[in-house]
Each structure stands twice: as structure tokens, then as C-alpha cells.
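Enquirer: Below are the chains, spelled out letter by letter.
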Amino acid sequence: MAARVGKRVVTFLLVLGGLWALWEGYKWLWERTAWSKPFRVDDLTLPHAHAILLQLGESTSTGDDLWLFLIRAALFTAKSAAVGFAFGAVVGFFLGVVLVQFDVLRRGIMPYVVASQTIPILALAPIVVRGLGSVSIGGSPPPDWVRVSVIASYLTFFPVTVNTIRGLRSADPWALELMHSYAARGWTVLWKLRVPSALPYIFTALKIAATASVVGAIIGEQTASISNGLGGAILNFNQYYVLEPKNLWATNFYAALLGIGFFLVVLLAEKVVVHRAPERLV
Amino acid sequence: MSVSTSVVSINGLSKVFGKGGVTALQGIDLEVERGEFVSLIGPSGCGKSTLLRIVGDIIAPTEGEVAVNGKPARKARLDRDYGIVFQAPVLYDWRTVAKNIALPLEMLGWNRAKRAARVRDMVELVELGGFEKHHPWQLSGGMQQRVSIARALSFSPALLLMDEPFGALDEMTRERLNLELLRIWAETGSTVIFVTHSISEAVFLSTRVVVMSPRPGRVASIVPVDLPQPRTAATREQPRFFELVTRVRESLHAVGADEVEETLATEDELA
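Line by line, the protein sequences are chains A and B.
Just so it is clear: in the first sequence, position 237 is 238 by the numbering used here, and no numbers are missing.
Just so it is clear: in the second sequence, position 136 is 131 by the numbering used here, and no numbers are missing.
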């Protein structure tokens, strides 16, 4: 066990080292040869990896150091993304269950479910965020992060619905006959056979949705001009990129880490919930 | 014919698949008495599995009637009068051995304590003590099929339907499970209908062997097996055993030898 963990840590460090070497090697080669394809490389377009790391210790205009500023921003985004993810997953799951039960409904509704995902999120987000801003809940509009989470859930529900439908149908025909032989009711078959059979499919969707919800939250913040999260930080640092490119790079790393964090949480949940032959995880 | 002791009573049963399509079964009449062990044997396409499914009300007959415990098959299914074992174990991967066995008991609304007690008995019956907490994929094929049998018997159904349950297992495991099945049958006193394509398995296990002919599936002959009970590994070496095996084999050849040879020839050509 300890040996396996050790092996994983070593692999992780090796890959990390390899990526760092690629980064720095690329920078070194392009700078040295002054190649301009696909773009010219200098400290502005591609800062040193370690310089980005060191930048985290610099203070920002808010008075906080960059690392702390970004953690605050990441937590704000994480809150919207997590709530949106959870809401989208629940809606997506139940939509899938309903659509599988009623085939007529599925044929009628599925095209709109697909259409909902072809509308660019950039076009839809401002409408949703502004629209919800004019809604009154208990005398005041819902807080910013709630509006952003709606965008995140919009990106989350779709893969969950599609995979739930697929998964619920994946139940073994013999297992269904077995349930039939027990004179099991539809709900019992759903709960004791179809849903457990669907779980691996649903978790695949949740892994996709986990990272999508982070992206959705960031885009939602940007289109709604909400500046507390990573979306706001990206817009802000983008404006000052020429003065300090490392701030934007650091923000991007935080966004990536947040996505990875979400993914790992889903992975962990899968390990706890799904008891299958351990042939495939990740 | 006394209706009271018949567990299964089949009258004039036919099954046609599709509109004007393949006739799988034609004019089947069969009575299975309480405590009998009846095997259905025949070449592929003789409808033996179809017949079993109709008895279990998994599919409906085109014509004729099936009564289980004196009730229509559908009523019998709704009353959970039979347990079924398929060719594959059909265990739920996400459930442990104990929880797989308890599945039908959950459907029947048994409480936790009652379920646990029955699962203990069943685990003992199929000799899987110590594996209660294992998941199916951690067991061998033979052990998985034993779990499947335990699950089918857990709610003490009057009738056990088995569709080539040992077909996917190796010969050694199969013979051992044959013995175990006979012990379980004797201990539980249940009635068994057993589909197989192994002549020796059919003769070894059964009190009667029903030989079926293919296309359309019919009952060609019924061979009563008078081998003494309880049967043991030595039973397979008795002259009477070989005589009965020969009789079943000859019945099979009489009904479908052409078909079988034709099939074999086609398979050879393909190979």
C-alpha cells in the first residue's frame, strides 16, 4: 500500500518535472532561435514557470498578496460552481429518469434538451444573469453567486441527462427478467436495478460536468460583470497583461487547479459509491 | 391425472414468434408432480428455454395453457411461486453475496432480522460460509452460480426453474454442483424443471427426462429415470446409468438426428 502511494507520488513528480522541462525547453529554444511561429516567445507571451510561482508572493492592488487574493476569488467561484454542479446534476438525473420512463416525452423533449446546449453560453449567460437580477426573492434579487451558479448548472445538467438515459437502459436483460419473475414494481426495478446499473455512466457524466461547472461559473461571472471570482480576476488581469503577464498566468493555474479539485471530488465519491470490479477508474 | 399434486400443468401449448413467423413450440402437454426433478433436453432450437420462460410467465404462449400450483402462470408469478436460475449467475455487482441472496426477500418486504436469518441458512445450504461480504466479481463462476441458486431458493418457492445453469462451467465444477443441487433438492423438497443440453447431466439429476425435438419444438419422448436416491458420484458408474444415457441419446437421434448432423455439417463448413 505504502509502496503504491510512493510510486504514485514519484510518477506525479516525474510528470510535473517533465511538463516544467517542456515549458522551459520550449521557451529557451524559441527565444534562442527567435522563431516567430506560431508566436514570438518572450517573458510577455510566456513567462518563466518559476517566475509565475514567485509572483504569488507579490501584493496586488487590493492589498492582499496574489496567492491569497486568488484563493478568495477561487472560493467565490467554487461556491457558484459547486452549487450549480449539484443543482444541475440533480435536475439532469431526474430529467433522465423521467425521459426514460416516458418514451413519447423523450422524443418530444430531447431535441430541445440538445438545442439548449447549442446556444452559446456567452449569448445566454447575460440574459440569465440580468433576468435573475430583476427577480425578487424576499424583497431583494438573488445574490450574485446564485445567478452565476444557474449558468454552471446549465452546463452541468446535459451530460448527466444523456448518460443517465444511457445508463438506465444498460441494465442486463436477464436481470430485468429476474425482477419480472419477482413481480417487482416499476419503481422497485428503477431503484434496485436500473439506477445502480446507471451509476458508472452517471459518474462519467459527473466527471465531465465537474470541470464544465467551473468553466460555466467563470463565464457566468464575466458576462454578468461580477468581479469577486476568478472570472473577474481573469478580466482584470487581462486588461493589465502588458504590464504584468504573470498575474493572468497564475489565475489560469488556479482555475485549472479548481477544475482538477472538482474532478477529484467526483472521483472520490465514485470510489465510495460504486462497488464494481476495480478494472477501471479515472 | 390428479390435479392436486401437479405443480406444473401444461396443456396444448404453442408458441409462434413474430407474425406468421417461427413456430418455436407446438402442442406441448406436460405434467410435473410435486417433488419431481424434470429435465428438458433437446438440440438447439427445440424451444426448451422458451418452454421454461413460458412456465415462468416471462413470455406468453400463443396458444394453450400453463398452470402452476393450479393457478395461471401469471398469477403464480405474482404470488412468487417460483425461483429462477439463468445460464449466467445474473448477480448484482454492487451488492455483496449476502445482499444478492436477500434481494427477493426485500421485494417480499421481509424485515432485516428475518432476512439476515434466512441469508445465513442459504449461505450454509450452498456452502459459501465466509463469503457473505464478498462482491460477485471476487468469486469463481461456480461460486457465483451457487449464490444465484441460493437467491432463487431464499424465499422457499414451490418450483425452481433452471435454464442451463451449469452450461458455462467446466466439467469438474459442473459435476460437483450437480451433486450439490441434488442435496439441496432433497433438503428443500422443491420441484425442479431443469433445461440442459448435456445428456449425462439430465440423467444424473432427474426423476424424468423430457426429450424435445426441434422446429417446431415438441415433446418427443419422456424417459423415467429409476436410478436410486440419493445419487452419488458412484451413480455415474452404474450400468443402469449408461443404459439410461443411451436411451436418451437414441431418443435424441430419433427426433433430430438429421437436424443435428445438418447443423454439425454447416459448422464444419464454416470452420
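You may find that some hints are simply not true.
In silico lysine-lysine, DSSO-like type, Cα no more than 27 angstroms apart, as pairs [stated by the list, open to error]:
{"#": "1", "chain 1": "A", "residue 1": "Lys193", "chain 2": "B", "residue 2": "Lys70"}
{"#": "2", "chain 1": "A", "residue 1": "Lys193", "chain 2": "A", "residue 2": "Lys8"}
{"#": "3", "chain 1": "B", "residue 1": "Lys109", "chain 2": "B", "residue 2": "Lys70"}
{"#": "4", "chain 1": "B", "residue 1": "Lys94", "chain 2": "B", "residue 2": "Lys128"}
{"#": "5", "chain 1": "B", "residue 1": "Lys109", "chain 2": "A", "residue 2": "Lys193"}
{"#": "6", "chain 1": "A", "residue 1": "Lys208", "chain 2": "A", "residue 2": "Lys193"}
{"#": "7", "chain 1": "A", "residue 1": "Lys272", "chain 2": "A", "residue 2": "Lys8"}
{"#": "8", "chain 1": "A", "residue 1": "Lys272", "chain 2": "A", "residue 2": "Lys28"}
{"#": "9", "chain 1": "B", "residue 1": "Lys128", "chain 2": "A", "residue 2": "Lys193"}
{"#": "10", "chain 1": "A", "residue 1": "Lys272", "chain 2": "B", "residue 2": "Lys94"}
{"#": "11", "chain 1": "B", "residue 1": "Lys70", "chain 2": "A", "residue 2": "Lys272"}
{"#": "12", "chain 1": "A", "residue 1": "Lys193", "chain 2": "A", "residue 2": "Lys28"}
{"#": "13", "chain 1": "B", "residue 1": "Lys109", "chain 2": "B", "residue 2": "Lys128"}
{"#": "14", "chain 1": "A", "residue 1": "Lys80", "chain 2": "A", "residue 2": "Lys38"}
{"#": "15", "chain 1": "A", "residue 1": "Lys193", "chain 2": "A", "residue 2": "Lys80"}
{"#": "16", "chain 1": "B", "residue 1": "Lys94", "chain 2": "B", "residue 2": "Lys109"}
{"#": "17", "chain 1": "A", "residue 1": "Lys28", "chain 2": "A", "residue 2": "Lys38"}
{"#": "18", "chain 1": "A", "residue 1": "Lys193", "chain 2": "B", "residue 2": "Lys94"}
Facing chain A, from chain B, some residues (calculated, C-beta under 10 angstroms) [stated by the list, open to error]:
{"#": "19", "residue": "Asp74"}
{"#": "20", "residue": "Arg75"}
{"#": "21", "residue": "Thr91"}
{"#": "22", "residue": "Leu98"}
{"#": "23", "residue": "Glu101"}
{"#": "24", "residue": "Gln233"}
{"#": "25", "residue": "Arg235"}
These are computed hints drawn from the structure, not numbers from a lab.
Just so it is clear, CB atoms sit at the ideal spot from N, CA and C, and this is done for glycine as well.
Enquirer: Each hint: holds or not?
Expert: How the hints compare with the structure:
1. A:Lys193 with B:Lys70: 23 angstroms, holds
2. A:Lys193 with A:Lys8: 38 angstroms, violated
3. B:Lys109 with B:Lys70: 26 angstroms, holds
4. B:Lys94 with B:Lys128: 8 angstroms, holds
5. B:Lys109 with A:Lys193: At roughly 20 angstroms apart (the allowed maximum being 27 angstroms), lysine 193 (chain A) and lysine 109 (chain B) satisfy the hint.
6. A:Lys208 with A:Lys193: Cα-Cα ~24 angstroms, so holds.
7. A:Lys272 with A:Lys8: Within the cut-off at roughly 20 angstroms; holds.
8. A:Lys272 with A:Lys28: 40 angstroms, violated
9. B:Lys128 with A:Lys193: Given pair lysine 128 (chain B), lysine 193 (chain A) holds - Cα atoms ~19 angstroms apart, limit 27 angstroms.
10. A:Lys272 with B:Lys94: The hint holds at about 19 angstroms.
11. B:Lys70 with A:Lys272: Since the Cα atoms of lysine 70 (chain B) and lysine 272 (chain A) sit roughly 42 angstroms apart, the hinted pair is violated (cutoff 27 angstroms).
12. A:Lys193 with A:Lys28: The hint is violated at about 56 angstroms.
13. B:Lys109 with B:Lys128: OK: lysine 109 (chain B) and lysine 128 (chain B) at ~18 angstroms, within 27 angstroms.
14. A:Lys80 with A:Lys38: 40 angstroms, violated
15. A:Lys193 with A:Lys80: 33 angstroms, violated
16. B:Lys94 with B:Lys109: 13 angstroms, holds
17. A:Lys28 with A:Lys38: Measuring from Cα to Cα gives roughly 12 angstroms; hence the hint holds.
18. A:Lys193 with B:Lys94: 11 angstroms, holds
19. Asp74: 8 angstroms, holds
20. Arg75: With a closest approach of 6 angstroms, the arginine 75 (chain B) hint holds.
21. Thr91: OK, holds: threonine 91 (chain B) within 10 angstroms of chain A, min 8 angstroms.
22. Leu98: Where the cut-off is 10 angstroms and the nearest Cβ of chain A is about 7 angstroms from leucine 98 (chain B), the hint holds.
23. Glu101: 7 angstroms, holds
24. Gln233: 36 angstroms, violated
25. Arg235: 36 angstroms, violated
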